[in-house]
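Each chain, letter by letter, is given below.
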Amino acid sequence: MTDNTHSIPAGAPPMPPASDAAERAAIDQSCRRPVLFFFGSALFWLLAGTFFAIVTSIKLHDPEFMNRAPLPDAVRFQTGEFLRANPISMQDVGFLTFGRFRAAHLNSVAYGWATSAAIGVGVWLMARLCRVPLRRPSLVTAAGVLWNIGIAIGIAAILAGQSTSVEWLEFPPYAALILGTAYAIIAIWAVDMFASRKPGHVYVTLWYVLAAFFWFPWLYASANILILLKPVQGSVQAIVNWWFGHNVLGLWFTPIGIGAAYYMIPKVIGRPIHSYYLSAIGFWSLALFYSWNGGHHLIGGPLPAWVITASIVASVMMVIPVVVTAINHHMTTRGHFHMLRYSPTLRFVVFGAMCYTLVSLQGSSMAIRSLNEITHFTHYTIGHAHFGLYAFFTMIMFGCMYYIVPRLCGCEWRSAYLIRLHFWTAAYGIAAMVAALTIGGLVQGLMLADPAKDFLGEILAITKPYLVGRSLSGVLLSIGHVVFAYHFALMVLQLGRREGGPVYFNPVEGEARP
Amino acid sequence: MTAAYIILGISLVAFGAMAVTALVWAARAGQFENFKAGSESIFDSGEPIGEPTDLFPDVDRAKLAAVASRAAKGAARP
Ligand code: HEM
Ligand code: HEM
Numbered sequence: 001m002t003d004n005t006h007s008i009p010a011g012a013p014p015m016p017p018a019s020d021a022a023e024r025a026a027i028d029q030s031c032r033r034p035v036l037f038f039f040g041s042a043l044f045w046l047l048a049g050t051f052f053a054i055v056t057s058i059k060l061h062d063p064e065f066m067n068r069a070p071l072p073d074a075v076r077f078q079t080g081e082f083l084r085a086n087p088i089s090m091q092d093v094g095f096l097t098f099g100r101f102r103a104a105h106l107n108s109v110a111y112g113w114a115t116s117a118a119i120g121v122g123v124w125l126m127a128r129l130c131r132v133p134l135r136r137p138s139l140v141t142a143a144g145v146l147w148n149i150g151i152a153i154g155i156a157a158i159l160a161g162q163s164t165s166v167e168w169l170e171f172p173p174y175a176a177l178i179l180g181t182a183y184a185i186i187a188i189w190a191v192d193m194f195a196s197r198k199p200g201h202v203y204v205t206l207w208y209v210l211a212a213f214f215w216f217p218w219l220y221a222s223a224n225i226l227i228l229l230k231p232v233q234g235s236v237q238a239i240v241n242w243w244f245g246h247n248v249l250g251l252w253f254t255p256i257g258i259g260a261a262y263y264m265i266p267k268v269i270g271r272p273i274h275s276y277y278l279s280a281i282g283f284w285s286l287a288l289f290y291s292w293n294g295g296h297h298l299i300g301g302p303l304p305a306w307v308i309t310a311s312i313v314a315s316v317m318m319v320i321p322v323v324v325t326a327i328n329h330h331m332t333t334r335g336h337f338h339m340l341r342y343s344p345t346l347r348f349v350v351f352g353a354m355c356y357t358l359v360s361l362q363g364s365s366m367a368i369r370s371l372n373e374i375t376h377f378t379h380y381t382i383g384h385a386h387f388g389l390y391a392f393f394t395m396i397m398f399g400c401m402y403y404i405v406p407r408l409c410g411c412e413w414r415s416a417y418l419i420r421l422h423f424w425t426a427a428y429g430i431a432a433m434v435a436a437l438t439i440g441g442l443v444q445g446l447m448l449a450d451p452a453k454d455f456l457g458e459i460l461a462i463t464k465p466y467l468v469g470r471s472l473s474g475v476l477l478s479i480g481h482v483v484f485a486y487h488f489a490l491m492v493l494q495l496g497r498r499e500g501g502p503v504y505f506n507p508v509e510g511e512a513r514p
Numbered sequence: 515m516t517a518a519y520i521i522l523g524i525s526l527v528a529f530g531a532m533a534v535t536a537l538v539w540a541a542r543a544g545q546f547e548n549f550k551a552g553s554e555s556i557f558d559s560g561e562p563i564g565e566p567t568d569l570f571p572d573v574d575r576a577k578l579a580a581v582a583s584r585a586a587k588g589a590a591r592p
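Listed in order, the protein sequences are those of chains A and B. Sequence positions in the first sequence follow our numbering and run 1 to 514. Sequence positions in the second sequence follow our numbering and run 515 to 592.
Only chain A is shown next, with the shape it has when bound in the complex (with noise of 0.2 Å):
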C-alpha cells in the first residue's frame, strides 16, 4: 500500500460504484449532511448539557453557587451604595435552581446529544449495512432539525419551570409531540431504508439498529400518551414511567451502542467477530429480557410485589446477554490489543464495550433488594447512570464519531495529540467520577441505613468530598468535550488532513490495489 495525497473532495458528486471501496465511498457520502448535522447538534447539546452538569454538580457541595443574580438596575440604582455591594442586593433566580437545571442537563445530555449522536451513527450504519446510498437524505436532514428544535423548546420549557416533574419525560407535551414527530420521521425512514436493502445476509449490527429506531417511537409515544396526555393514576403511573424510562436505556441506547461495536471492533481491527453464533443470541436475549426490567428502579416502591419481582428476575437474566456480547468482543479483540495503541476508533470502542460488561453486572447486581436497599436514592445510583450513559455509551459514540466523520468530510483528524488528550481526559475523568460517586454513594447509603446517624452532621458532610471530586472530574470531563468539538469543527470546516497518514477511505487507493 502507498500512501495516497488524493482524497475525495468535498461535496463530489458520488462515484460510479465502480469497485467495493469506490461504492463504500459513495455510500458514506451520501450520509454526508445528515449524518454530519446530527453530530454537530449532538456536540452542541453535549456542551450545553456539559455546562448545566458542572452547575449542578457544584450546587450539590455549595447551594449557594449560582443562585442569585444581580438586581436589575432600576431597582439597584434606588436601594443605594450599601445595598449595592451587598449579598441584598441580589435576588434569587429560579431558572437558576438545582431542580431545573439537574432536569436541563438530564434532557440534553440524554436527548440532545447522546440520542442525537445514537441517531447519526446509526443512519450511518443502516446505509453501510444495507449497501445502498441514504434514500432520502434531506428528510433525514429535516428530522434532525425538527428534532432540535424540539430540544431547544423543552430545555427553555424546563429552565422557565414548566419541566412535566416525571423523570425522563420532562419536556412538556407541546416540546415531546415535536420530538415524537421528528423520531417517527426517522423510524419510518429506517423501515424504508431496511426495505430497499441489497440482498443477502443481515449483519447483526444491522439488528441491533433497526430494532432501536423501531422500539424508541414506539416507546416515546406510548409513554407520553399515558402519562402526559391521559394520564394514568397512582402506581400505575410510576409503573409506566419505569417502564419507558428502562426502556430508553436498554432497548435504544443499550442496542445502538452494542451495534456499532459490534461493526467497529471486527472492521477496525480487520477480524470478523469471533462467535457470529453468540451474537445472535445476544441480540436476541436482550429483545426478549430487556422490555421486563423497569420495575428494578422501584424496588421497595408501593407496588404489587409480583412486578418488582419478576422485573428482577429479568435484570438477572440480562446476564445472559452480557456475558455473551463480552465474550464475543473480548475474543475478537485478543491477540490484537495492541491495535488499542494505534487506532483512536477502537481504542474508544473497547473501552466503552468493556464498561457496558461491567455496569450491566454492576446493574443486576444492583436490582438484588438486599443491595438496593442500601443503594437507592443515594450516589451510587447516579454512578451507574453516569458509568452506563458515559463510561459505555458516551466514549463508543466518540469512537464512532472518529471513525465516521473523515470518511464523510473527505479529510483525516487534524491532530493526533488532540484526540489522545480527548481520550485520556474521558477515560480519567469517568473513572473518576464513578469511583467517587460509587464509593460516596456506599458510604451515604450505609450511614442512611442506621437510624442512629444524624442526617445533616454527619452524613451530609461525609459525603461532601466525593460531591467535590465529582466535581473535578466532571472539569476533566469538559475539557476533553470542548478539544473534540474544537477538532470536529476544523473537521467539517476541511481543516483536516489532507495528506499523509492513513487514507482508507480513499477509494482511488482501493483501486489501485491488486
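The hints are simulated quantities; they were obtained by calculation from the structure and are not laboratory data. Computed from a predicted structure; not experimentally measured. A couple of the hints might just be wrong.
Computed, partial: chain A to chain B, Cβ under 10 Å [said to hold, decoys possible]: (1) T205; (2) G245; (3) N247; (4) H274; (5) Y290; (6) P406; (7) S415; (8) F455; (9) S478; (10) R497.
Glycine is no exception: its CB is placed at the ideal position from the N, C-alpha and C atoms.
Take the given structure of chain A and dock chain B with the ligands to it, following the hints.
For chain B with the ligands alone, coordinates are given in the frame of chain A:
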C-alpha cells in the same frame, strides 16, 4: 385504571410478540444458516480481512505492519 393495565399488558405482550415474529422471520429467511459468511459480510475486496481500517493520523504504517505480524505470530506484544 383497568384500561391502563390493559394498555400496559398489550405493550409488554406486543413487544414480546414482535420480537418472536422477527425471530421466526429471521430463521425462515435463512439468517442463521451460515454464520461464517455472515460474520464476514462486512469485509470485501476494498477492506479485506486482516487489514486494520483506522489509525491515529500520526501512525507509521510500516512500523504497525511489523507489530501486527509479530502479534500474529504470537510473539511478545510491544
Ligand atoms: C461533565 C460531566 C458531567 C457531570 C459533572 C455530570 C453531573 C451530573 C449531576 C450533578 C447529576 C445530578 C445527580 C443527582 O441528582 O444527584 C447528573 C445526573 C445525570 N447525568 Fe450527568 N454529568 C455529566 C455528564 C453526563 C453525560 C455526558 C451524560 C449522558 C450521556 C449524563 C447523564 C446523566 C443522567 C442520565 C443523570 C440522571 C441520573 C439519575 O437520575 O440517576 N451526564 N449528572
Ligand atoms: C442489564 C443491565 C443493567 C441492569 C440490570 C441495570 C439495573 C439498574 C437498576 C437496578 C437501577 C436502579 C437503581 C436505583 O434507582 O436504585 C438502574 C439505574 C440506571 N441505569 Fe442501569 N442497569 C443495567 C444497565 C445499564 C446500562 C447499559 C445503562 C446505560 C446505557 C444504564 C443506565 C442507568 C441509568 C441512567 C440509571 C438511573 C436512572 C434514573 O434513576 O434516572 N444501566 N440500573
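How the hints compare with the structure:
1. T205: T205 of chain A check passes; min Cβ-Cβ to chain B is 8 Å, inside 10 Å.
2. G245: violated, 14 Å
3. N247: holds, 9 Å
4. H274: Hint on H274 of chain A: holds, closest Cβ of chain B at ~8 Å, below 10 Å.
5. Y290: holds, 9 Å
6. P406: With a minimum Cβ separation of about 9 Å from chain B (threshold 10 Å), the hint on P406 of chain A holds.
7. S415: Where the cut-off is 10 Å and the nearest Cβ of chain B is about 7 Å from S415 of chain A, the hint holds.
8. F455: Status violated, d = 37 Å.
9. S478: With Cβ-Cβ at 23 Å, over 10 Å, it is violated.
10. R497: At 6 Å from the nearest chain B Cβ, R497 of chain A passes the 10 Å test, so the hint holds.
The earlier numbered hints that this structure contradicts are 2, 8, 9.
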